[in-house]
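Chemist: Using the sequences provided together with the hints, build the complete structure.
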Amino acid sequence: MYTLDKSDVEKIAFLARLGIDEQDIPEYATNLTNILDMVEQLNSVDTDDVKPMAHPLDGVQRLRPDEVTETNDRENLMAHAPETEAGLFLVPRVVE
Amino acid sequence: MQWEVVIGLEIHVQLANKSKIFSGASTAYGAEPNTQACAVDMGLPGVLPVFNGGALRKSVMFGLAIDAQINERSVFDRKNYFYPDSPKAYQISQLYYPVVGKGSIDIDLENGSTKCIGVTRAHMEEDAGKSLHEDFHGQTGIDLNRAGTPLLEIVSEPDMRSAKEAVAYMRKIHSIVRYLGVSDGNMQEGSFRCDANVSLRPKGQEEFGTRTELKNINSFRFVEKAINVEIERQMDILESGGTITQETRLYDADKNETRSMRSKEEANDYRYFPDPDLLPIVISQEEIEQICTTLPELPDAKCKRFVTELGLSEKDARALTSDRDMADYFEQVQQSIDDARMAANWLLGEVSARLNKNALEIKDSPVNAEGLTGLLKRIKDNTISGKIAKDVFEAMWEEGGDADSIIESKGLKQITDTSAIEAIIDEVIVANPSQMEEFKAGKDKLIGFFVGQVMKASKGKANPGQVNQLLQKKLKS
Numbered sequence: 001m002y003t004l005d006k007s008d009v010e011k012i013a014f015l016a017r018l019g020i021d022e023q024d025i026p027e028y029a030t031n032l033t034n035i036l037d038m039v040e041q042l043n044s045v046d047t048d049d050v051k052p053m054a055h056p057l058d059g060v061q062r063l064r065p066d067e068v069t070e071t072n073d074r075e076n077l078m079a080h081a082p083e084t085e086a087g088l089f090l091v092p093r094v095v096e
Numbered sequence: 001m002q003w004e005v006v007i008g009l010e011i012h013v014q015l016a017n018k019s020k021i022f023s024g025a026s027t028a029y030g031a032e033p034n035t036q037a038c039a040v041d042m043g044l045p046g047v048l049p050v051f052n053g054g055a056l057r058k059s060v061m062f063g064l065a066i067d068a069q070i071n072e073r074s075v076f077d078r079k080n081y082f083y084p085d086s087p088k089a090y091q092i093s094q095l096y097y098p099v100v101g102k103g104s105i106d107i108d109l110e111n112g113s114t115k116c117i118g119v120t121r122a123h124m125e126e127d128a129g130k131s132l133h134e135d136f137h138g139q140t141g142i143d144l145n146r147a148g149t150p151l152l153e154i155v156s157e158p159d160m161r162s163a164k165e166a167v168a169y170m171r172k173i174h175s176i177v178r179y180l181g182v183s184d185g186n187m188q189e190g191s192f193r194c195d196a197n198v199s200l201r202p203k204g205q206e207e208f209g210t211r212t213e214l215k216n217i218n219s220f221r222f223v224e225k226a227i228n229v230e231i232e233r234q235m236d237i238l239e240s241g242g243t244i245t246q247e248t249r250l251y252d253a254d255k256n257e258t259r260s261m262r263s264k265e266e267a268n269d270y271r272y273f274p275d276p277d278l279l280p281i282v283i284s285q286e287e288i289e290q291i292c293t294t295l296p297e298l299p300d301a302k303c304k305r306f307v308t309e310l311g312l313s314e315k316d317a318r319a320l321t322s323d324r325d326m327a328d329y330f331e332q333v334q335q336s337i338d339d340a341r342m343a344a345n346w347l348l349g350e351v352s353a354r355l356n357k358n359a360l361e362i363k364d365s366p367v368n369a370e371g372l373t374g375l376l377k378r379i380k381d382n383t384i385s386g387k388i389a390k391d392v393f394e395a396m397w398e399e400g401g402d403a404d405s406i407i408e409s410k411g412l413k414q415i416t417d418t419s420a421i422e423a424i425i426d427e428v429i430v431a432n433p434s435q436m437e438e439f440k441a442g443k444d445k446l447i448g449f450f451v452g453q454v455m456k457a458s459k460g461k462a463n464p465g466q467v468n469q470l471l472q473k474k475l476k477s
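Residue numbers (our numbering), protein chains in the order written: chain A, 1 to 96; chain B, 1 to 477.
Accuracy of the hints is not assured; some may be wrong.
Computed list of lysine-lysine pairs in BS3-like fashion (alpha-carbon distance at most 30 Å, straight line) [to be verified]:
1) B:Lys102 with B:Lys304
2) B:Lys215 with A:Lys11
3) B:Lys445 with B:Lys474
4) B:Lys304 with B:Lys363
5) B:Lys357 with B:Lys410
6) B:Lys440 with B:Lys461
7) B:Lys102 with A:Lys51
8) A:Lys11 with B:Lys79
9) B:Lys164 with B:Lys215
10) B:Lys172 with B:Lys215
11) B:Lys380 with B:Lys474
12) B:Lys130 with A:Lys6
13) A:Lys11 with B:Lys88
14) B:Lys473 with B:Lys459
15) B:Lys363 with B:Lys130
16) B:Lys130 with B:Lys115
17) B:Lys456 with B:Lys390
18) B:Lys390 with B:Lys357
19) A:Lys6 with B:Lys88
20) B:Lys380 with B:Lys461
21) B:Lys377 with B:Lys459
22) B:Lys130 with A:Lys11
23) B:Lys473 with B:Lys440
24) B:Lys79 with A:Lys51
By construction, these hints were calculated from the structure, which means they are not laboratory data.
Modeler: In structure tokens, the structure reads:
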């Protein structure tokens, strides 16, 4: 069994870009560890003949024909963007 | 120490679908920013992806063309990362169950032999938008028109041993997707992009060395250069006892060097999981077989046919078939004039030379297949000589117009009238009495001199065969 520690929680929070309070970390660590424990139980089941499940619904994806159905709705779609210029969304500078 | 180079390529091919992979927005290139990005492409709350069957069809075509296993059931996964040109904060891709499994292609090496390169897999995914780093008051501009464009990522085995082999592989994949029409392969517009994994190992060692990944190389020339400078960089480090860091590197064409992109590296933990918004993609054996019947003749098969049926050399056939537009152009001309050799010589000679000089693709040639056919027909029916034809071709290229009107307006029609040629011959003989004496004294070689003078006097328009024949008769009489 694997117990998550503080650094694991911090890494998960960073990857998900979540700001968390230092004081909550122990609780997150316990809860996340409990989830892993629950999933761990699967290891005691023989799943050799079970096909991997990609989706809980036992269906297949419907295919859309390759046709253009959307028209330009830029003004409407960008109306709630905090900042725009020349038809572009503006975001904090991404340094390459 | 002797080092062995190991290269594997990941090629991203934009599929030539009209609409996006998960939405009905247009994929046309060059539109005003964000005018072809709908709510799905922008990742607005509450939207759901609806999969484009056309992307599946084109992916399967590619798989069949490289003799790959086609997976009747494939699954989309989410690849999680944060970057502003990916508004959902994940890319929909296929990690665990790609649509195309193991296949292979043969590449042509410089020494004329072929080498089989394995394709590990090919999977469908969505493209990201574009970040514009020009100065927007210190901010970055985001255009999501490209977001959601259908991509096929083709992953090779680490089977290549030099930059040249990597380029040959890339060219072959490019040729195949263009033949199939699954992509326009336009590298300037980013429809065909390549990442290269490069590592070195001591010759004879089984185990691979640590690799680096060169990102987003978008021309054949740069692939070769980028890989070669990276090989040199790694060799320098290894020779001096250092170790290679596994990382992503960017090729800078201006400085001809690669440099680290560590900024992206630290978050390289994509936490893939099956996308709950999409059900498994299923294609039946019957549908696969149906798609198989729609495959066009591919470059290797066409090359073989040009050799066996048209009698072309292997080298010429290769050169004519690597690009589909070139092959189509050739076949159109060849069928009209029924002379494969002449069509091949002109295409690989005059036409290719001018295309190269002007950095043009065959599809943009000022002289199209119809135009060249019109010209070559006039050589075949003796209206003009092959030499004059080159002048006519130049005029067609530079000024436009068809061969017949240029021949007419410039008065280039070949002189085949015996008495007209004889008149010129007489003039030449009169004008060169000393040469005539020498010839009569037994200097047979001078026949060449007379042929040249007659051709010159006729401004190249006299039929060379006739000139020769008539001269022989005259001089020896």
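Chemist: All the hints need checking, so say for each whether the structure fits it.
Modeler: Hints, one by one, checked against the model:
no. : hint                   : verdict
1   : B:Lys102 with B:Lys304 : holds (25 Å)
2   : B:Lys215 with A:Lys11  : holds (26 Å)
3   : B:Lys445 with B:Lys474 : holds (15 Å)
4   : B:Lys304 with B:Lys363 : holds (23 Å)
5   : B:Lys357 with B:Lys410 : holds (25 Å)
6   : B:Lys440 with B:Lys461 : holds (27 Å)
7   : B:Lys102 with A:Lys51  : holds (21 Å)
8   : A:Lys11 with B:Lys79   : holds (17 Å)
9   : B:Lys164 with B:Lys215 : holds (18 Å)
10  : B:Lys172 with B:Lys215 : holds (20 Å)
11  : B:Lys380 with B:Lys474 : holds (27 Å)
12  : B:Lys130 with A:Lys6   : violated (36 Å)
13  : A:Lys11 with B:Lys88   : holds (21 Å)
14  : B:Lys473 with B:Lys459 : holds (22 Å)
15  : B:Lys363 with B:Lys130 : holds (28 Å)
16  : B:Lys130 with B:Lys115 : violated (37 Å)
17  : B:Lys456 with B:Lys390 : holds (16 Å)
18  : B:Lys390 with B:Lys357 : holds (16 Å)
19  : A:Lys6 with B:Lys88    : holds (28 Å)
20  : B:Lys380 with B:Lys461 : holds (15 Å)
21  : B:Lys377 with B:Lys459 : holds (21 Å)
22  : B:Lys130 with A:Lys11  : holds (28 Å)
23  : B:Lys473 with B:Lys440 : holds (13 Å)
24  : B:Lys79 with A:Lys51   : holds (23 Å)
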